[in-house]
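Peer 1: Spelled out from the first residue to the last, the chains are:
Number of protein chains: 2
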Amino acid sequence: MTKWVYTFGDGQAEGNASLRNLLGGKGANLAEMCSLGLPVPPGFTISTEVCTWFYAHDNKYPLDLAQQVDAALKHVGKLSGRGFGDKENPLLVSVRSGARASMPGMMDTVLNLGLNDETVEAVAKLSNNPRFAYDSYRRFITMYSNVVLELEHHNFEDILEEYKDHKGYTLDTEMTAEDWKAIIVSFKACVQENLGKPFPQDPYEQLWGAIGAVFGSWMNARAIKYRDLHSIPESWGTAVNVQAMVFGNMGDTSATGVAFTRNPSTGTKELYGEFLINAQGEDVVAGIRTPQDITEAARIAAGSTKPSLEAAMPEAYKELVRIYGLLENHYRDMQDLEFTIERGKLWMLQTRNGKRTAKAALRIAVDLANEGLISQEEAVKRVDPASLDQLLHPTIDPKATRLQFATGLPASPGAATGEIVFTSEEAEEAKKAKRKCILVRVETSPEDIHGMHAAEGILTTRGGMTSHAAVVARGMGKPCVSGAGTIRIDMAAGTMSCAGKTLKRGDFITIDGGNGQVLVGEIAMLLMEWADKARRLKIRTNAETPLDARTAVKFGAEGIGLCRTEHMFFEGERIIAMREMILADDEKGRRAALAKLLPMQRSDFIELFEIMKGLPVTIRLLDPPLHEFLPHEPREIQEVAEAMGASAEKLRIRALELRESNPMLGFRGCRLAVAYPEIAEMQARAIFEAAVEVEKRTGAMVTPEVMVPLVMTKPELDLVKARIDAMAAEVAKETGVTVPYQVGTMIELPRAALRAGEIAGAAEFFSFGTNDLTQTTLGISRDDAGNFLGSYKARGILAEDPFVTLDQEGVGELVKLAVERGKAARANLKLGLCGEHGGDPASIAFCESVGLDYVSCSPFRVPIARLAAAQAALGKVTKAEG
Amino acid sequence: MTKWVYTFGDGQAEGNASLRNLLGGKGANLAEMCSLGLPVPPGFTISTEVCTWFYAHDNKYPLDLAQQVDAALKHVGKLSGRGFGDKENPLLVSVRSGARASMPGMMDTVLNLGLNDETVEAVAKLSNNPRFAYDSYRRFITMYSNVVLELEHHNFEDILEEYKDHKGYTLDTEMTAEDWKAIIVSFKACVQENLGKPFPQDPYEQLWGAIGAVFGSWMNARAIKYRDLHSIPESWGTAVNVQAMVFGNMGDTSATGVAFTRNPSTGTKELYGEFLINAQGEDVVAGIRTPQDITEAARIAAGSTKPSLEAAMPEAYKELVRIYGLLENHYRDMQDLEFTIERGKLWMLQTRNGKRTAKAALRIAVDLANEGLISQEEAVKRVDPASLDQLLHPTIDPKATRLQFATGLPASPGAATGEIVFTSEEAEEAKKAKRKCILVRVETSPEDIHGMHAAEGILTTRGGMTSHAAVVARGMGKPCVSGAGTIRIDMAAGTMSCAGKTLKRGDFITIDGGNGQVLVGEIAMLLMEWADKARRLKIRTNAETPLDARTAVKFGAEGIGLCRTEHMFFEGERIIAMREMILADDEKGRRAALAKLLPMQRSDFIELFEIMKGLPVTIRLLDPPLHEFLPHEPREIQEVAEAMGASAEKLRIRALELRESNPMLGFRGCRLAVAYPEIAEMQARAIFEAAVEVEKRTGAMVTPEVMVPLVMTKPELDLVKARIDAMAAEVAKETGVTVPYQVGTMIELPRAALRAGEIAGAAEFFSFGTNDLTQTTLGISRDDAGNFLGSYKARGILAEDPFVTLDQEGVGELVKLAVERGKAARANLKLGLCGEHGGDPASIAFCESVGLDYVSCSPFRVPIARLAAAQAALGKVTKAEG
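The listed protein sequences derive, respectively, from chains A and B.
My numbering numbers the first residue of the first sequence as 1 and each following residue consecutively.
My numbering numbers the first residue of the second sequence as 1 and each following residue consecutively.
If several chains are the same, the list does not tell them apart, and a pair holds so long as it fits within one copy or across any two.
Below, in silico cross-link-like pairs of lysine-lysine (BS3-like), each with a Cα-Cα straight-line distance of 27 Å or less:
| # | residue 1 | residue 2 |
| --- | --- | --- |
| 1 | Lys714 | Lys816 |
| 2 | Lys793 | Lys714 |
| 3 | Lys588 | Lys793 |
| 4 | Lys714 | Lys225 |
| 5 | Lys74 | Lys87 |
| 6 | Lys87 | Lys345 |
Because the hints were derived from the structure by calculation, they are not lab data.
Based on the provided sequences and hints, a complete structural model is requested.
Peer 2: Okay, here's the thing in structure tokens:
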């Protein structure tokens, strides 16, 4: 005989937390709490398998279900000392849905079930509280009629309002027992009138009606929509929980509430929540009465005059504190609790892992690890890497949560981010080096004006809204937080401290001159340390500017995985020289123009190599089609021609010659280097000369990795590599310094992936250019995808935007193939990925699974990538981000 | 001891034809002829391995080579009854190169080697012909000095010219023995003067000098260039053939010549070639004397007055005829022979498979099969499919060879091709059905004017240059051949015959009014029949117009593999309706425009289905991006807007909205059908309604194959297929006729190939769209490839143009994968290919190897594809075409 029904109560349960799929989240946790000896009203769970059976059999129940429910009801009656339908001592129950995944508010609940014209009298007598009994009965009629009989709420609300008007009442609390009794008569008449049959008096009929309504609600429009949005399969079904009622509405020693074991917004370890005295759960939800705080601290912080639970019901509060500690220890995570206090006794009605903000998630994970409840690895796995974007990105986004270091006065509006500097001289130096800084001073004086000019914002620990700093900053239009008195500056040590936290010169902070906040990411930093211990993948960055490179290094980048050299040719004199090269009639002309670019390109590389201090730097040779460097509109052509001293006609013709139908698949990448090897030669020379120079200056060995783009066949790579090798030899001969270097290629065409075995014969590393590989494998131009990609995601044709999360089934198979074939041909082949996917957690998990050595992403995604890589190494199953 | 030297002579040989790699082509065939008992002057071959050894060892010979050469020389001397270097009875030899692959004229040859001041006297005495002896010696000095001593020819020519001037001679034949003797003295002095050493007198020194020169010539510039052009590896090396001299210059009973066993231009079975009496090989090549014909028939045909070999030396001729039959039987192919006749005796110096024109190749293959020398399958394998293009394409290309049916008078210039019709009525009917025809009449009369107007050209069997046909045709500017008196027309049978060949009404002929030729491809047709028996692959055609479909059926197409429906929307009212659809603001507007297109589209399909008479027709749904249907230039926009009665501004904006950076990877293919399913619905409805109509009209069952383009994922295909299925059901309901049909997809994106297993779940057939699959796999836009693809082929980065011959390593692997995965998911999956590669022999061989069911190509390539498919089935290793 299949077991359809699982009982719990009095310290014992047939189920437990591991049976979530069978009993739903609520049922499984009720059973678990029972087994832990917590005060849970007895009850039973009808399993999700019944729901599945129900829908598979034309909305009928298994034959033996009724018998199992009867037995369970008897068991609950025995534990509670009452009888279901008993006219002297009736057992009342709640009937609630409970799916595998939480679907809050989506399905139906019925409370106070078992009340009828007879049992209500018994309840009145037993509770010695007729008003409570009739109140409960009218609530039951309303709820049941609505949920089971599908009679709309307003029918009953209208009757009640009319009655109250007639009596001159404003609030429900003015209603007496007799009033409710009269209302019940009207409510029943309303049911009779609308449905042509009386409100059911048989408790068993009531129970099966409610069970049917819960199962039926699995297929209501709200639930279907919710499942759609959250990818919950229809086949999971819901369970039904039938539980002896406990009453929060039995007077002033009764209450009902919800609580989180930690603050779900900040993550702070504090009991957080609200409750209502003399109420049932629905009242809390309805929002008619203002709920009270659980702790005194919260009450004071909120400035509330209503007593806290801590003050109003100290015994129940003490019990709640005990239980929350116990549940956190047991579940090893922050819990979201529901409870009811009946005449002073606390009953637990629900526990589950609480939803939380990104900021709280981070803090809770770190705190739980520090408290020894979970391991550091577990903490690393629990934080969604995407949330780091909010937490670490140095802008003040109103939606972002904030890591507060201290607060001061909002002295001059606006937000600013930068490194901490403590003197105006440092501020000026930073400015010169194009680094953003926040000038931190005890107070400022006229001597600080130049420093204030150089800084992004000003933070002082002394002085008010009319202090020198405040006044000057407002005049300059710069953000300023003044008088942050809790901060102590130690000039000698180059640090500032507040409440036990210390930041040092060069650390990033953010000030918000609009509200006086001083923010920092220190908790994130701790987690990142743990993550770095756990991960195997190296994280590099895509960067070509010194600023990007520096930012990435600060965020923990372990090298540059992609330096797009073409970005270096778009400015000032460079684009002029570039255009001269493109317009040149022959190789000699091109070489002359390239000679002008060489020193600029070399100095770019010198700067990058110095910033990266010996970390690997992968430099990609010129990639885009040449027409990207030329003007196309007649007027622009005229202007450029004049500026260059060239013929507009010639410029126009060359631009026309170079125009392409599909530039993405055109004359670009190594195709340029094959046609005009002198370009690759200039770039290679600049790289090697820069490496020599940096080695001379700093003594640090630079090992550039020269990357040839858009390779389709090995001979292309052979040709370009020969030129690079020749340049390396020339530079070694000229300077007497031999630079170690590697030559590799981007794998960004399907053919290159397929022929990876061959290509690895000439390449010392592969970097998967998954942007272009996605474009070619899927046949989608990223620039043009707007016309259909959105609707493709909406229709479920593509699960994710393939330019955000790697298409593992298509592009991923090519990457896997290329890894296998490349490694087979060259065992020590270095493997990386440098598309946009390098910063996407799901894609990073894929990179870990196929054994790449590193991923490379934009500077601000480096922390996300570090965390995601750690999670991938720890075997966390990451879902796609989008 | 390695065997370096292989002797032959007197009916015995150490080598044979199978040792071509070791002995070179010439050496292997000399050995083979010896073994066949043919008269071959004795000699020996120094193997190609010596050449390889020579270059691997710094231009030195293996130690034991000299000893083996000495032994071989002795053997040759014994067989010829002479001694090398013997002063009484000297053996003279020729030294010739001979590589594995024929490299005509690329390497060096020395004749008459062994002559010196002493042996020349012996030769003079023995031959009783001093003039011959001295002539041979001066030839030897010239040739040896040039080839071995690198003294340029003109040195000797100048001396000879001066001598002749001095003597008052014009021709070399005026030179007497004494004259040559004097010349020899001058020649030797010239050598002494230029090189500072005498002309070598030692025959051994001469021999090793010549051997060294032959090996050295393997690396001369000409040979290197030739190998480059013909992809002959350097490592093959050349052999050296040393052979006893026979002399064609021993007087009027001596001669030298070359012959083909069949006419290399037409393929006709006739001994074809030329010879010179009293000459050595070099004289034939030099072209100073006009060579004579071999057969009397040839002499008469050429109108030559010089006697043929047949007439001049009947015994030698008889022997040559015997030998040519024997060699053809032995080699089972047309042979290219070299021979020398010394005092009446025929000696064979070379045989090899003769080069031939495309036309001759076809004829020879068919004739050899008809003669029983080779099988029909072998005949099919021997014809290069690419050559069919020349032979069957109905245009008169001056370079193309022609299959002549008859000749008449060139009555009105120009060429025309068409079906044979015999009455003016037929001509008019053909014209109405858009079929081209040639009106064939005994003679024309004024009643034929309308038929002459309707025909492409006129052929009459009677009447001259001023006949009615000729005069009228010239007036009309139409090609005409008149008075082709050898043609007999049988109106009753609907045939015309000439010289035993018969053509019937509807056969294609071509007339050339410029020279009076009447041409046809009948020999090709016979070969095609054999090919059809041998092949497994079906051949379909890419066609959307009735003309293309009809042409393809005539050429043997077995269905339409690709009907590109967009081509049906570019004309007249259609493009207007199409533009209305694109400009429509909503689905309703689009449906209204599509309703106008429906009847046109339906009638297109009715016509195609009728032409294809039950053969399968694959119809691809709309594929190109919509902007292809819109104007883009301001003026054009204005015109179109006016013509449509639409707003120019709206048109401009819509065109701008639809513009794409990379249209190839944009909003096209099934992406259109997903966004605007009503387009696919209209097309599907037109297909099914047409099929119903044709079935009603003709009773023939039509099974349309509906093809969804650019599928990347299965859900796309599911979505579009659902619409197609719905339309099929609707049409079945409306008409009461259920049309059998299939839905399939093009595999033209790498992702589709990779996910073929999944996609085959929804597709009943795959058609590999290798044009787009090549573009995406290689990342090359075909439209833009001009900038670099040529240089890529030239530099050897790509062996072939991947848009002509399928890139088997890249694209081919994806095709293979898709075939495997598709078949695994659906065992009866139909597989075809419909890119340009469908007409390329190398690509067709690939299709055979991966087990496709059919290829589809343009109508005129159908015969090529049929032949290539047969060759692939017969296991011929096909090289790429380009």
